[in-house]
Amino acid sequence: MKPASFEYIRIDSAAEACAQLAEHGEDARILAGGQSLVTVLNMRLAQPQRLLDISRAKALDYVRIDGGKLVIGASATQASVEWRPGLAKEVPLLALAFPNISHFQIRNRGTVCGSVAHADPSAELPLCLALLDGEVVLRSRRGARVLKAGAFFQGMLMTARQPDELVEEVRYPLASPGTGHAFEEFSSRHGDFAIVACAAAVNGDGIRFAVGGVADRPRVVTLPRLAGNALDDALNDFAWELEARDDPHASAAYRRHLVRQIGRRVIEQAGRAIPSAGGH
Amino acid sequence: MNRLEQEQQHLVTVTLNGVSRSGRAETRTLLSDFLRHELGATGTHVGCEHGVCGACTVRIDGVAARACLTLAVQVDGRRVDTVEGLADRDGMLNDLQQAFRRSHALQCGFCTAGILNSCTDFLERVPMPTEQQVRDMLSGHLCRCTGYTPIVAAVLEVAAARQTQPEETIDA
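So the sequence lines, in the order shown, correspond to chains A and B.
Be aware that the first sequence starts at 0, since it is given in numbering that gives the first Met the number 0, and climbs by one per residue.
Be aware that the second sequence starts at 0, since it is given in numbering that gives the first Met the number 0, and climbs by one per residue.
Don't read these hints as lab results, they were simulated from the structure.
Cβ coordinates follow ideal geometry from the N, Cα and C atoms, glycine included.
Incorrect hints may have been included.
Label pairs and their in silico Cβ distance ranges [to be verified]:
no.: 1; chain 1: A; residue 1: GLY154; chain 2: B; residue 2: CYS47; range: 23 to 31 Å
no.: 2; chain 1: B; residue 1: ARG78; chain 2: A; residue 2: ASP26; range: 27 to 35 Å
no.: 3; chain 1: A; residue 1: TRP82; chain 2: B; residue 2: ASP87; range: 46 to 54 Å
no.: 4; chain 1: B; residue 1: GLU4; chain 2: A; residue 2: ILE273; range: 52 to 60 Å
no.: 5; chain 1: A; residue 1: TYR253; chain 2: B; residue 2: ARG23; range: 49 to 57 Å
no.: 6; chain 1: A; residue 1: LYS88; chain 2: B; residue 2: ASP87; range: 37 to 45 Å
no.: 7; chain 1: B; residue 1: CYS47; chain 2: A; residue 2: GLU25; range: 48 to 56 Å
Use the sequences and the hints to build the structure in full.
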């Protein structure tokens, strides 16, 4: 349970990270919070030749509101977002999701961008980014490009990031008036990987609903403002579309069951959470 | 930018419980092993070595974090607080440790060092937590002796006591 040897490079800026990534590509790995990466290093599931440690890069440690989005830099910890006093108004879905992400001690060091870059299919932060149609900024020496979450997540632990690119920041859209949000997940114990995680955003135009932990990436469906049997039917169709598989934690049938049950609950909760027009 | 070669010993200096301490570490040396083997600070325990059990939790610049998921070279120049720093210089247990003792919040004690560090950080941020908040915080620690109930009781007791008797400022 000790990592294999590697060269360690402390990075102070995006430009330094991009220079190293341009030179070393897949031989180098970005170390941000390390709450997933050091685990797999300890288990020797990964043995990169170089670690590029951005955890102390002040230039990448920012959380700010810009252009109607909550913008989170590559070195910003999950705790630095979770403990923002205004988070429940800014991005209510994140405020609902954070308590489900592992544990207090892990969120203290784990980063938001690191979770998005890791792209675990059961992870909450990618699920929220997908539901809210957020953005990922990828930077390399060739320049920067901005991808929607739907284009960034490509499969189990797979993303559109090229070997020379840094996930420089992620952008979660701020809540729009008249939209309610809800989040719920099921796991064996609090803080464990989600067997099924569901998020919903509901407003007068309809429903956006997303599921993590079932398909190989967070999956989103847009529905009209359904209720009752029509909603159950739509959720059942979506549950089958996810192509759930049996694994040691849960059967495919049980996962579909959870998507139908938790899905209906979060959609109804999100509907009830729509702020009243008077702002009360 | 700072580049450290693999398979070589690098000097790492930390402020451990208020005292500047230096030791040697390879890039791959975990903070948990650096504290125990290089600095002799064996109060930090090592359980699962993949971030699940919480036994190795220390405070890095005041923030509770897993020493087993942190490289020693990452904390060069930073403040690291461990269980050894909780009691005063004469060995008098602090209020949290005393509450753990009164409430039987430990039996074998393997998990206790990590839990005390988490509680120390947590109570600074949430001075009057609910039982549910305490249980959520403790979910990052495995304790196989107590069933957690006496730990929750100790934390709530300390939180309440600190409200009525604000902790004296001991920083010199």
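Evaluated hints:
no.: 1; hint: A/GLY154 x B/CYS47: 23 to 31 Å; in the structure: holds, 28 Å
no.: 2; hint: B/ARG78 x A/ASP26: 27 to 35 Å; in the structure: holds, 33 Å
no.: 3; hint: A/TRP82 x B/ASP87: 46 to 54 Å; in the structure: violated, 30 Å
no.: 4; hint: B/GLU4 x A/ILE273: 52 to 60 Å; in the structure: holds, 57 Å
no.: 5; hint: A/TYR253 x B/ARG23: 49 to 57 Å; in the structure: holds, 51 Å
no.: 6; hint: A/LYS88 x B/ASP87: 37 to 45 Å; in the structure: holds, 43 Å
no.: 7; hint: B/CYS47 x A/GLU25: 48 to 56 Å; in the structure: violated, 29 Å
Violation of the numbered hints given earlier is confined to hints 3 and 7; the remaining hints are satisfied by the structure.
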